[in-house]
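Construct all of the structure, not just a fragment, from the sequences and the given hints.
Here is how the chains run, residue by residue.
Protein chains: 2
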Amino acid sequence: MEQEMMKVKKWFSENKNQGIRLLQKLVQEGSVRGNESKAQAIIIEKCRELGLELDMWEIGEEKLYNHPAFCSDRKDFSGNPNVVGVLRGTGGGKSLILNGHIDVVPEGDKEDWNNSPFSGYIEDGKLYGRGSTDMKGGSTSLLLAIESLIASGIQLKGDVIFQSVIEEESGGAGTLATVLRGYKADGAIIPEPTNMKLFPKQQGSMWFRITVKGKSAHGGTRYEGVNAIEKSMLVIQALQELEKMRNEKITDPLYEHIPIPIPINIGKISSGEWPSSVPDLCIIEGRMGVAPNEALKDAEKEMENCLRLLGESNAWFKEHPAKVEWFGAKWLPGDLESDHPLMTTISESYQTIKGVTPKIEASPWGTDGGILSNVGDTPVVVFGPGVTEVAHDANEYIEVDKVFECAEILSLAMMKWCGVSETK
Amino acid sequence: MEQEMMKVKKWFSENKNQGIRLLQKLVQEGSVRGNESKAQAIIIEKCRELGLELDMWEIGEEKLYNHPAFCSDRKDFSGNPNVVGVLRGTGGGKSLILNGHIDVVPEGDKEDWNNSPFSGYIEDGKLYGRGSTDMKGGSTSLLLAIESLIASGIQLKGDVIFQSVIEEESGGAGTLATVLRGYKADGAIIPEPTNMKLFPKQQGSMWFRITVKGKSAHGGTRYEGVNAIEKSMLVIQALQELEKMRNEKITDPLYEHIPIPIPINIGKISSGEWPSSVPDLCIIEGRMGVAPNEALKDAEKEMENCLRLLGESNAWFKEHPAKVEWFGAKWLPGDLESDHPLMTTISESYQTIKGVTPKIEASPWGTDGGILSNVGDTPVVVFGPGVTEVAHDANEYIEVDKVFECAEILSLAMMKWCGVSETK
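Protein sequences, first through last, are from chains D and S.
Take any residue in the first sequence, note its place counting from 1, add 406, and you have its number in the working numbering.
Take any residue in the second sequence, note its place counting from 1, add 406, and you have its number in the working numbering.
Because the hints were derived from the structure by calculation, they are not lab data.
Accuracy of the hints is not assured; some may be wrong.
For chains that are exact copies, the list does not tell them apart, and a pair is met inside one copy or across any two.
To be verified - Mimicking DSBU-like on lysine-lysine, the simulated pairs with C-alpha atoms at most 35 Å apart in a straight line are: (1) K650 <-> K729; (2) K619 <-> K532; (3) K416 <-> K619; (4) K655 <-> K415; (5) K760 <-> K650; (6) K655 <-> K619; (7) K444 <-> K655; (8) K621 <-> K444; (9) K619 <-> K650; (10) K516 <-> K703; (11) K724 <-> K532; (12) K650 <-> K563; (13) K563 <-> K621; (14) K481 <-> K516; (15) K619 <-> K729; (16) K650 <-> K444.
Written out as structure tokens, the structure reads:
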């Protein structure tokens with residue numbers, strides 16, 4: 407495969423600029439939820455240029471809504487399609503799904519950004535912008551890897567199924583729709599921002615909404631009421647205790663370097679309508695991490711139990727229990743064995759290109775991999791060029807060189823996994 | 407004055423139903439901020455029927471905006487007028503302002519209400535609905551008191567200036583506009599819900615907004631970020647300590663029966679855009695009580711100092727100080743001597759009608775009285791029929807009998823204060 411790799415490497419060395427330009431254009435189309443279409447249009451254009459078999463559709467069919475793994479609070483998916491492009495193999499090889507999501511989380515407080523959140527600005531080898539690391543950099547690696555093979559005249563035996571899906575950040579309805587449309591494979595790679603580590607296991611997660619009651623009153627006689635915000639502070643403290651307790655149980659060595667393997671994140675709080683009134687309702691929303699080998703239902707029960715216990719120690723909560731709903735997003739955990747052939751393929755490719763063995767860890771966040779593996783029966787490895795720490799943060803960036811490095815490793819892994827056709 | 411009082415009492419005994427109907431109609435027009443016009447239309451109709459000299463205007467003149475006591479975040483006052491109706495005296499008597507606000511606070515969580523929040527439903531002598539106690543019941547007492555004198559053919563020497571103002575709940579721009587339009591008097595009564603107690607002193611208050619910074623990150627690696635909600639919990643704890651410290655300094659015996667004379671109310675909290683992200687910004691809004699003899703500026707300084715101290719004990723706040731703004735509403739405190747002639751007049755009238763002396767306390771909340779006294783040089787007593795405890799709460803109600811009892815006391819007080827003309 408050395409000859410092929412030389413061609414591929416040559417192609418990469420000659421195509422840096424167009425690769426960077428592709429990533430920049432993708433970042434500049436800020437594809438927050440409900441606004442994915444313009445970034446998808448760039449992906450579609452690229453797939454057409456590469457001659458992939460294109461499949462684009464607006465998700466939302468009845469089968470999707472009725473599937474037990476479906477969870478979304480989005481009312482309307484129209485105008486923002488899922489995109490799949492298939493590089494058909496000559497036959498006889500293993501198939502591979504290459505999955506990236508096009509949706510990005512909101513930009514947060516604009517004042518925390520040094521440049522506009524969707525600038526695509528490049529400095530010191532870093533390309534900045536919401537979505538650069540999570541995960542348009544990874545999707546760019548996928549497209550460049552495919553292009554490098556096509557441009558080098560290398561034909562694969564197995565099919566490569568490139569996917570650019572919506573809704574990853576909100577529960578994976580986009581990837582679920584690909585599975586229900588029939589897209590399964592012998593393996594899948596998702597280039598989420600792993601800092602070039604291999605993640606065979608992924609933390610699952612789900613969103614929760616906790617409703618805390620108070621009793622309203624005029625702020626000048628606040629002692630006549632019960633402040634739902636103050637009561638919520640007790641709920642948050644209980645969740646902090648629960649997180650501690652749950653993480654003490656995690657002993658998997660893949661989590662050795664991760665401070666909190668399955669965090670409980672308090673992501674939103676909202677209470678009160680009027681500064682002079684005691685608020686009678688507080689809504690807390692967040693994300694609960696689920697261990698790779700844990701059932702979502704079991705994790706749900708632990709939180710429900712935690713809130714029930716609050717009622718036993720606190721008279722207010724006994725009369726007015728804090729209630730949890732599991733709404734919106736759910737990511738199934740993933741749990742691939744570390745010596746699975748797909749792991750070996752990627753590890754060997756990594757070693758060939760980089761000269762060292764890759765780090766293997768467990769993913770600190772859920773990905774669409776849970777759906778591909780649990781619903782689609784497709785073994786998944788998460789491996790990508792982004793910087794984990796800056797995902798969802800202000801001044802999110804990706805190191806441009808890593809995008810190309812990852813793409814080269816993926817090119818080699820595709821050849822190893824799908825097989826190179828002798829016919830050409 | 408016994409003969410006049412007999413006529414007045416007779417009128418009240420014959421006019422219960424129309425009085426209740428007036429209050430019910432006022433409550434049913436839910437005059438939350440920006441929607442005061444329909445309730446004002448009922449007031450205007452009543453003033454016309456009584457033959458008062460009507461003055462209606464949309465506030466918002468330059469003089470108002472430029473006044474140091476003006477504070478409002480409302481952009482547009484058009485369509486929701488202030489209303490003043492003057493019952494002109496024959497001359498030679500003291501003048502009296504009767505001030506009520508037409509605006510009501512939002513209804514809160516509708517599910518906490520047994521009936522619709524603006525039902526005006528009556529059961530067991532209580533009339534329910536947002537604004538019934540705060541303070542359409544009081545305004546109804548004012549109108550009934552005026553009507554009882556007119557209907558009984560009693561003419562006063564001094565002018566009675568009835569006012570139905572907007573914006574009391576948001577900082578008093580409505581009452582400030584009446585003062586700037588020239589309405590001042592020898593005394594003023596504001597029938598806010600005092601449970602029929604007399605309040606010569608009123609707590610001042612002002613709204614604050616505190617901005618707390620965090621550092622965003624993906625919720626799955628929440629340890630890479632700093633949660634603005636968790637940091638806000640420390641700010642709220644500091645405010646609780648500040649409240650305790652400030653109230654320990656209050657020794658005025660008029661506050662003897664009030665658990666927290668000058669409370670700090672946390673009225674709103676808002677943080678986060680996404681359950682799976684660590685929020686980087688949290689906004690807390692609330693109301694700070696100000697002692698009758700305290701300057702607003704001094705109270706502001708105490709809170710600013712409290713937040714500064716947080717920075718001395720906490721590394722995060724040292725780098726990212728919690729910042730306070732004083733926005734929207736401010737109510738000046740009021741501080742009338744307990745033996746002021748207006749106090750005596752109302753106390754004596756109370757004793758005549760009820761046979762016992764009234765309770766005298768300090769108001770646990772700010773009223774427009776601070777503006778009338780501080781800006782308008784008009785001595786103010788707050789005295790009204792509503793139930794303090796249910797103001798701003800779900801299932802707010804007023805005891806209908808108290809509305810009439812208060813009205814009778816006010817009728818007598820008006821005769822005593824303004825003097826009864828012999829000419830008729």
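Comparing the hints with the structure gives:
no.: 1; hint: K650 <-> K729; in the structure: both (21 Å within a copy, 31 Å between copies)
no.: 2; hint: K619 <-> K532; in the structure: between (46 Å within a copy, 26 Å between copies)
no.: 3; hint: K416 <-> K619; in the structure: neither (64 Å within a copy, 48 Å between copies)
no.: 4; hint: K655 <-> K415; in the structure: neither (45 Å within a copy, 77 Å between copies)
no.: 5; hint: K760 <-> K650; in the structure: neither (38 Å within a copy, 63 Å between copies)
no.: 6; hint: K655 <-> K619; in the structure: both (32 Å within a copy, 32 Å between copies)
no.: 7; hint: K444 <-> K655; in the structure: neither (44 Å within a copy, 62 Å between copies)
no.: 8; hint: K621 <-> K444; in the structure: between (47 Å within a copy, 29 Å between copies)
no.: 9; hint: K619 <-> K650; in the structure: both (25 Å within a copy, 24 Å between copies)
no.: 10; hint: K516 <-> K703; in the structure: between (37 Å within a copy, 32 Å between copies)
no.: 11; hint: K724 <-> K532; in the structure: between (53 Å within a copy, 30 Å between copies)
no.: 12; hint: K650 <-> K563; in the structure: neither (49 Å within a copy, 75 Å between copies)
no.: 13; hint: K563 <-> K621; in the structure: neither (67 Å within a copy, 47 Å between copies)
no.: 14; hint: K481 <-> K516; in the structure: both (27 Å within a copy, 25 Å between copies)
no.: 15; hint: K619 <-> K729; in the structure: both (9 Å within a copy, 28 Å between copies)
no.: 16; hint: K650 <-> K444; in the structure: neither (42 Å within a copy, 55 Å between copies)
Consistency with the previously given hints fails for numbers 3, 4, 5, 7, 12, 13, 16, ordered from lowest to highest.
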